[in-house]
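Mind docking chain H on chain V? Use the hints.
There are 2 protein chains.
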Amino acid sequence: MIKLVLSDVDGTLTDNRRVFSTRAAEEIRKIQAHGITVSLVSGNVIPVMYSLRTYLGLSAPLFAENGGSMIADDITSFFSMEKPALFFDHLQNKGLARGILTNRWRLCSMGYDPTPGREREILALAGEFQVDITNSGFSWHILNQGQNKGFALLHLIKMFKLRPEEVLVIGDNLNDMPMFQESVKKAVPANAEPELKAKADYVSKLPYGDGASEILSSLDSF
Amino acid sequence: MIKLVLSDVDGTLTDNRRVFSTRAAEEIRKIQAHGITVSLVSGNVIPVMYSLRTYLGLSAPLFAENGGSMIADDITSFFSMEKPALFFDHLQNKGLARGILTNRWRLCSMGYDPTPGREREILALAGEFQVDITNSGFSWHILNQGQNKGFALLHLIKMFKLRPEEVLVIGDNLNDMPMFQESVKKAVPANAEPELKAKADYVSKLPYGDGASEILSSLDSF
Numbered sequence: 036m037i038k039l040v041l042s043d044v045d046g047t048l049t050d051n052r053r054v055f056s057t058r059a060a061e062e063i064r065k066i067q068a069h070g071i072t073v074s075l076v077s078g079n080v081i082p083v084m085y086s087l088r089t090y091l092g093l094s095a096p097l098f099a100e101n102g103g104s105m106i107a108d109d110i111t112s113f114f115s116m117e118k119p120a121l122f123f124d125h126l127q128n129k130g131l132a133r134g135i136l137t138n139r140w141r142l143c144s145m146g147y148d149p150t151p152g153r154e155r156e157i158l159a160l161a162g163e164f165q166v167d168i169t170n171s172g173f174s175w176h177i178l179n180q181g182q183n184k185g186f187a188l189l190h191l192i193k194m195f196k197l198r199p200e201e202v203l204v205i206g207d208n209l210n211d212m213p214m215f216q217e218s219v220k221k222a223v224p225a226n227a228e229p230e231l232k233a234k235a236d237y238v239s240k241l242p243y244g245d246g247a248s249e250i251l252s253s254l255d256s257f
Numbered sequence: 036m037i038k039l040v041l042s043d044v045d046g047t048l049t050d051n052r053r054v055f056s057t058r059a060a061e062e063i064r065k066i067q068a069h070g071i072t073v074s075l076v077s078g079n080v081i082p083v084m085y086s087l088r089t090y091l092g093l094s095a096p097l098f099a100e101n102g103g104s105m106i107a108d109d110i111t112s113f114f115s116m117e118k119p120a121l122f123f124d125h126l127q128n129k130g131l132a133r134g135i136l137t138n139r140w141r142l143c144s145m146g147y148d149p150t151p152g153r154e155r156e157i158l159a160l161a162g163e164f165q166v167d168i169t170n171s172g173f174s175w176h177i178l179n180q181g182q183n184k185g186f187a188l189l190h191l192i193k194m195f196k197l198r199p200e201e202v203l204v205i206g207d208n209l210n211d212m213p214m215f216q217e218s219v220k221k222a223v224p225a226n227a228e229p230e231l232k233a234k235a236d237y238v239s240k241l242p243y244g245d246g247a248s249e250i251l252s253s254l255d256s257f
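Here the protein sequences line up with chains V and H, keeping their order. With this note's numbering applied, the first sequence corresponds to residues 36 to 257, in that order. With this note's numbering applied, the second sequence corresponds to residues 36 to 257, in that order.
Isolated chain V, as found in the complex (with noise of 0.2 Å):
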């Protein structure tokens, strides 16, 4: 029985411009309602996660920064700054990256858009300066080693004394993979990449919010 959803936002419970499915959002409140628990893991910011908390009206804490940072009542960062904007610094000196917005609302992690045709020179020097990169489909990040999605799921199980097979996570991009792991139940939309749809026990037929909203509603199924 799933006690446990953790879902990625863009692309997963929005369309593909990143706009909200109102469906998904019914769907969640009522799993919720249920008793079931609700989080949320996504590249973007604590406070973007503090507002879908507040709007969608989620009791769990949600994850920001691909997992690196955490919002309940209060803010937990479990990563820190020093080598994502030092990486960033690095790229943004040899012309290879600009800054995004919400950069300025980061913890640990920073958001690029690579110069078009760097792309590959940026993942190379990754290693060298001791971070991962990942992509949301949306946007670039720079991570710190071992901050990731499956880092949140991991944090939720140990928090919610869960077994995994009680967790249903539900992703689309491949920063989901980390938590795409063997023994949690695994769900995407119609437009996942196919790396999560080979790993996945349910690929919908409906993409984007509708997808995900139709997950939501057969939990029993799991």
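Please note: incorrect hints may appear among the correct ones.
[Unchecked claim] Which bits of chain V does chain H cover? Going by a derived footprint, with three or more residues having C-beta under 8 Å, they are: (1) 44–54; (2) 74–84; (3) 88–102.
[Claimed, not checked] Simulated crosslink set (DSS-like; lysine-lysine; CA at most 30 Å straight-line): (4) Lys240/V with Lys65/H; (5) Lys240/V with Lys38/V; (6) Lys38/H with Lys193/H; (7) Lys65/V with Lys232/V; (8) Lys220/H with Lys232/H; (9) Lys129/V with Lys38/V; (10) Lys65/H with Lys220/H; (11) Lys65/V with Lys65/H; (12) Lys65/V with Lys240/H.
[Claimed, not checked] From the derived model, a few chain V residues whose C-beta atoms are all more than 10 Å from chain H: (13) Leu39; (14) Ala60; (15) Asn128; (16) Trp140; (17) Glu156; (18) Met194; (19) Glu201.
Source of the hints: derived by calculation from the structure; they are not laboratory data. Even for Gly, the Cβ is constructed at its ideal location relative to N, Cα and C.
Just chain H now, with coordinates in the frame of chain V:
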């Protein structure tokens, strides 16, 4: 004919616990798709308005900090943090107030919880520090003089070159009063304060997001 709608958020598009009405979200998207400009103004912070703009899919600029700051593709602060921060420090040092979580994201205002029983003392001190005090119904704010939702309204009227009678404002609480000006159309949900009801062209029989949804679905009647 209404060409622009400017609405408050908390208590107007949400319920009394700040959970956003999905019906209101749908109505907002519908009227924007019909060519009407939709903007929001709140006592909340820029990244929260950034989230609402993204996840509602709005294209107009939105206003934070009671009209003091604005987000479109970029962020603009029309006022400084100097006086609100100075007054807040004074309140804190005298044990009159505590800060709120969102203060770390503010550009030109401070939010506070007054020490119970000391509310009037705070109001009495504000003039001396040349700041205004307002209450959204959800929290107290320290603002620069002239920083209010009427400022945001005038900014939008200029920006979109509108006549005031082409603008509909919607709000529920006393910090919405500065935008309830003679020359614009005004509507309120059933939970609005009596002072706003007295000025409104239309008072919905429905409260909160349901009231706003009803108003938004009948723009032709204004």
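So, going through the hints one by one against the coordinates:
Three residues within the 8 Å Cβ limit are the bar, and the stretch 44–54 of chain V against chain H gives 4, so the coverage statement holds. Interface restraint, the stretch 74–84 of chain V with chain H: holds (3 residues with C-beta to C-beta distance below 8 Å; minimum three). Under the rule that three or more residues need a Cβ within less than 8 Å of chain H, the assignment of the stretch 88–102 of chain V holds, with 4 such residues. For a cut-off of 30 Å, the pair hint linking lysine 240/V to lysine 65/H stands: about 26 Å separates their Cα positions.
Proximity of lysine 240/V to lysine 38/V is assessed by CA-CA distance (about 24 Å); at most 30 Å being required, the pair is judged to hold. For a cut-off of 30 Å, the pair hint linking lysine 38/H to lysine 193/H stands: about 13 Å separates their Cα positions. A threshold of 30 Å between alpha carbons decides the hint, and for lysine 65/V with lysine 232/V the separation of about 26 Å falls inside it, so the pair holds. For the suggested pair lysine 220/H and lysine 232/H, the alpha carbons sit about 12 Å apart, so the restraint of at most 30 Å is met.
Our distance criterion of 30 Å between C-alpha atoms is broken by lysine 129/V and lysine 38/V, whose separation comes to about 47 Å. Pair hint lysine 65/H plus lysine 220/H holds up; C-alpha atoms about 20 Å apart against a cutoff of 30 Å. As the CA atoms of lysine 65/V and lysine 65/H are separated by approximately 24 Å, the hinted pair is consistent with the 30 Å bound. Under the criterion of a C-alpha separation no larger than 30 Å, the hint pairing lysine 65/V with lysine 240/H is consistent with the structure, at around 26 Å.
With a least CB separation of 20 Å from chain H, leucine 39/V remains clear of the 10 Å interface cut-off, as annotated. Chain H draws alanine 60/V into its interface by the beta-carbon criterion, the shortest separation being 5 Å against a cut-off of 10 Å. No beta-carbon of chain H is positioned within 10 Å of the beta-carbon of asparagine 128/V; the least distance is around 23 Å. The claim that tryptophan 140/V is not at the interface with chain H is violated, since a C-beta of that chain comes within 10 Å of its own (minimum 5 Å).
For glutamate 156/V, the non-interface assignment is confirmed: its Cβ lies about 28 Å from the closest Cβ of chain H, beyond the 10 Å cut-off. A cut-off of 10 Å between C-beta atoms confirms that methionine 194/V is not in contact with chain H; the least separation is 20 Å. Separation of glutamate 201/V from chain H is adequate, the least Cβ-Cβ distance of about 26 Å exceeding the 10 Å criterion.
Going down the numbered hints, you'll see the structure goes against 9, 14, 16, while the others check out.
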